[in-house]
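Model the full assembly from the supplied sequences, consistent with the hints where possible.
Which chain is which? The protein sequence lines are Z and H, in order. According to this note's numbering, the first sequence is numbered sequentially starting from 1. According to this note's numbering, the second sequence is numbered sequentially starting from 1.
Derived SDA-like pairs: lysine to any residue, alpha-carbon spacing no greater than 20 Å straight-line: (1) H:Lys878 x Z:Val64; (2) H:Lys745 x Z:Asn45; (3) Z:Lys152 x H:Leu859; (4) H:Lys609 x H:Leu625; (5) H:Lys851 x Z:Thr144; (6) H:Lys851 x Z:Met127; (7) H:Lys518 x Z:Asn250; (8) H:Lys224 x H:Asp58; (9) H:Lys858 x Z:Met130; (10) Z:Lys152 x H:Asp856; (11) H:Lys878 x Z:Gly58; (12) H:Lys858 x Z:Leu134; (13) Z:Lys49 x H:Gly546; (14) H:Lys858 x Z:Ser129; (15) H:Lys851 x Z:Asn131; (16) H:Lys858 x Z:Asn135; (17) H:Lys743 x Z:Asn50; (18) H:Lys858 x Z:Asn131; (19) Z:Lys152 x H:Asp864; (20) H:Lys878 x Z:Tyr57; (21) H:Lys463 x H:Asn221; (22) H:Lys851 x Z:Asn135; (23) H:Lys878 x Z:Gly236; (24) H:Lys878 x Z:Val52; (25) H:Lys851 x H:Ala841; (26) H:Lys851 x Z:Met130; (27) H:Lys518 x Z:Asn45; (28) H:Lys858 x Z:Glu136; (29) Z:Lys49 x H:Gly526; (30) H:Lys858 x Z:Ser151; (31) H:Lys851 x Z:Glu136; (32) H:Lys878 x Z:Ala70; (33) H:Lys878 x Z:Glu254.
Please keep in mind that the hints were generated in silico from the structure rather than gathered at the bench. In this text the structure is predicted, and so the values were computed from the model without any measurement.
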Amino acid sequence: MDIQQKKKVKKRLKSVAFLTPSGLGVLTFFVIPFFVVIYFSLLDNPIQKNFVGISNYGELISNVAFQNAAMNTLVFSVIAVPMAVLLSMLLAMLLECNLPGKSRFRTVFLSPLMVPVASVILVWQVMFSMNGALNEIVRFWGGTPVDWLDSKYNQLIVLSLFLWKNLGYNMILFMSGLANIPDDLIEVAKLEGAGSWKIFWRIKMRYLSPTIFFVAILSLINSFKIFREVYLLTGGYPYGNIYYLQHFMNNQFENLDYQKLSTAAVIMCVVMIIIIGILFLIENKFGKEVEE
Amino acid sequence: MLKKVALLLCTALCVTSLTGCGGSKKETDGIKYYSLEEINLSFGVDEYPSNPMLVGNDLYYVTTVYPDYPHKYYDDMAMLDQKLGGTDSGISDDSNIEDTPVVTEEPAKDDSEEGKDKATTEPSDDDLIGDMDDVFGDDKPENIAEPAVTDAPEGDAAPADDAEAVDDAVVDDAVSDGSTEDNAKTYDGDPSKGDPGINTYDDLNKKYSDYKTKMILWKYNMEKQKSDSVLETEMENGNIDGMNIEDDGSITLVERLYEYDMATSESKTEVELVNYGTDGTEKSKTSLNDQFKDFDSDTFCINNVIFDKDGGMIVSYGEKSICKLDKNGKSEWDITADNYLDGIVIDRNSDIIISYYNDDGGAIFAKVDCNKKAVGDPIKGISDDKKSSYSMLSGNPDYDLLLKDGNSLFSYDEKTSTKAEMLKWIDCGLVGNMVDKIFPLKDGGFVCSYSDSDGNSKFGILKESENQSVAASKQVITMASAYVDSMAQQKIIEFNKKSDKYKIECKNYENEDDPSAKLASDIVAGNIPDIIDVSGVDINNFAAKGIFEDLSSYMEKDDKIKDNYFVDGLLDATKIDGKQYFLMKYFNIITLAGKASELGKYKDGWTVKDVIDYYNSKPKGTQLLEGDCKDNVFNTLFSNEINSYINWETGEVSFNGEAFKNMLDFCNGFPQEYNYDDAQDTHTLIKDNKLLLSAAYIGSTEEIQVYKGLFNNDVEYVGYPTSDGYGSYISPNMSYAISSSSKHKDAAWEFIKSIMTSEDATNDHMGMMPVSSAAFEEMVKRDSTKESYTDDLGNKVEPRTSSYGYGDYEVNIGPATDDEIQTLRDLIKKSSGVLINSNSAMTMITEEVDKFFAGDKKLEEIVDVLQDKMVKYVNENK
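Written out as structure tokens, the structure is:
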């Protein structure tokens, strides 16, 4: 082995040594559990551990509660993710204009990121519980109090909570994306007579496409994570359409039904891979155009 | 260079992370096996040895010897009770629990007490429990140990020494009664033979003032294996709270004497520091009353007294106070802890350590800073457990601290702030909760004081087993339980002693916030116990998930535990989907009782609608149940009826149907909270037709007689309302299942079998019935006999005579009639299942329904929400 090769091997060994700790962490906390989940989804129960193939998948897909939870999760994501993307982009563009008190607005929109979940829940409970602030107003005006969290309006409350929590961060990402658009390109477009609308669609949107893609994925992930707030607000069995896939999985955990839990997790993972894959394809298409 | 250091660090990190789990020192690494050798001391039934103390090879302890009153005393007592408006000693009410001395049986003789007969007049715990049984119908807390009742050898009675001092008339009376001839038996006293000149308890006490209680200090030499009396002192109504033996053999006692004036209900306490010479003569006596802050003669109590090496005393008294007294009894400091005190010891470094309870009931340990006169910060490593149940033990020359809980003995190392498990009580053949004090010996063993399975106080030596590897080589069967009671621990000890191959180890979940959830997570993590105590476990859910083994096949193979081993109808009631997932040792029946004349047509069961119609037919103001309120009525009507609103096959639920709405409307008509201030007793309410139903807990024919009395011989057990069959349920006790994944199923079965078939299975237990058909028949025979007989175990059985009552109401409990026995049999046979533990569905429903009862929400809103939530719940689980 010549010196060059020795150096190469030494370098590789060093790289491996540096990567091993984080690799082990990823392996222990992500990769192995993922395969354990797949393994559990193919068994009859965690005690007897008889292999049952994909029968758990068949049973789960025909389970009404799972269908209901999946549909609710899908509907929420379909509504919440585009709203989170569009509204944050809109806010970012607004703040890009020379508005008075611009930095204060930015701070206000970012503040939800700093508030711990438990405090957020407390505030929202104070607002929307049976004896909460909103019902006090309703009573003041002679109306009948509503248990908002156990009513058909609860979806709206959850949507508001989601947007309140996520718009700020998304907005910052968009502001950063907007700042990266070359000024000279916009100036040229203006000189050539392009209107604001044209500049927005033809230039800004093209340059923002990677950001949109990233914000969309982030919002999608966060839309799944809204379970945490909903669970803390309404428990394991919320009323109406805010019963999500994570509710289903969490309840299965408490009921010791690890097969349904694992199977649902695998299905959810597959769906997520498909959705993110589609977003990648779209982003690739737009991203290439920008590069070209 | 920097790169090399970083590389080295990374490598070290990898190695550490890879080996970390196995390389760390386990808390159980130093565990050893000990064998228990009982110290052969005999105590009388009421001679509970106290204040054990090890000095070199000498074990000091104190026994209390109560005076041997003649029968005349009990006659006088019974007469006085009657005179003062009480009941005779066979009938109890709240007032005479404390006031009426009850005769207990003759204590067994001690060598040193040869020729003396002893009968106690002190109301011991046993007596109190007995009295409470009368009041509450045997429904006493499970964790109260039953002190033993040991018969003294017959014909061993002789006139007591003390009796010589009594006036002749009393002695004559006693002899003429022949009372000394059967002193070994319980004597309740005959009020008609009482002295009419006695009008107050003071008169009684004066007449028998020559009968004194004695405290005897013994010294047991462990080499000579001999016990000698060191000190004998008369102490009427007193305790020895602290004891110190000086190097020269002189003795210092902290004595607490109290007087109780029955007429005025006032008490007086005197705390004294008494020094005795080596020959047992009193040298000095100092009152300590003035040394305690806010001393209240009525309520003062001392919890612990320990002596330091200079002869000074650290005393914990009252609820939160600790003080230091010098050797002459003069106070040096007095401080108050933040919370209720538990124990107090001096550690190896001569620091004072106290333990007090935290808000969760666990113990916090802290040093007392004598200079600052304050309690220090919690000691790390042992005060961290949220619900730790450790208690400190005195005598620790080799360890910073010794700690014990119900499972193990631990040593605590202050330097490393860690505790190490030294031994498991079960491995030593000891029930952890029954171990009192423990003293380390120089050879590595321990001396301990404990109570045996019969409640007798014992001393023993724990010696390290010679061959540790043999003791450790047994295959371990784990038993998971939310609470391993003393009886279960005793059974484990017996099994472990008998088995050469296996030993059972307890996995106790009692300190967990949610034992069932913790057990579930352990099961899924692969830490599956071999045996599961199913009390508190969601049996149906665990069974549905395949966690339990069907025991039917084991019963088929077994030569003893077969279907016909059990009381008729019992197994059918405890099967789930036709499978026998668990077996129990004891059970009782939970049902509803009402008037037969009105409810006779519902003797085979009734529905919620029947209950509503029945209640509505009664005048306004009639109570449906004791403690009538919305929640109570709802739980009674609904808790066992949840499945009638659910179709588990199709997933349909009908919580928005008229039946559920009507029930909620009906329950909402009751008060929000029951007003206990205006409450009348059950019997009066039933008699006046103001109460319709009573929740009945049937554990023997005794309860059948009680309910007959309550309903004036017009009782029908209608059960809880149910749309399907009859609503009486089995409430199991000591119930065990075997894990379907256990590798030692046969051994686990042998353990369960040993519990089911042990000798004590023939006895009823805490007001519960045995599951064994033979034991049940024996119980029935015992309850129904009208003549004395000797049972198969050689115990003499007397016809049952007791009573149940309160206030002016009293039911005589006598031998059970054929009808009563048949009623009990029918109840068991008709029982429709095991009482279901509250599950998440029930919790969810109750939470919603409470909003309606509180007036926060309308009925329609509630049923709409419940329907929606229950659809999800059912579809998840169907």
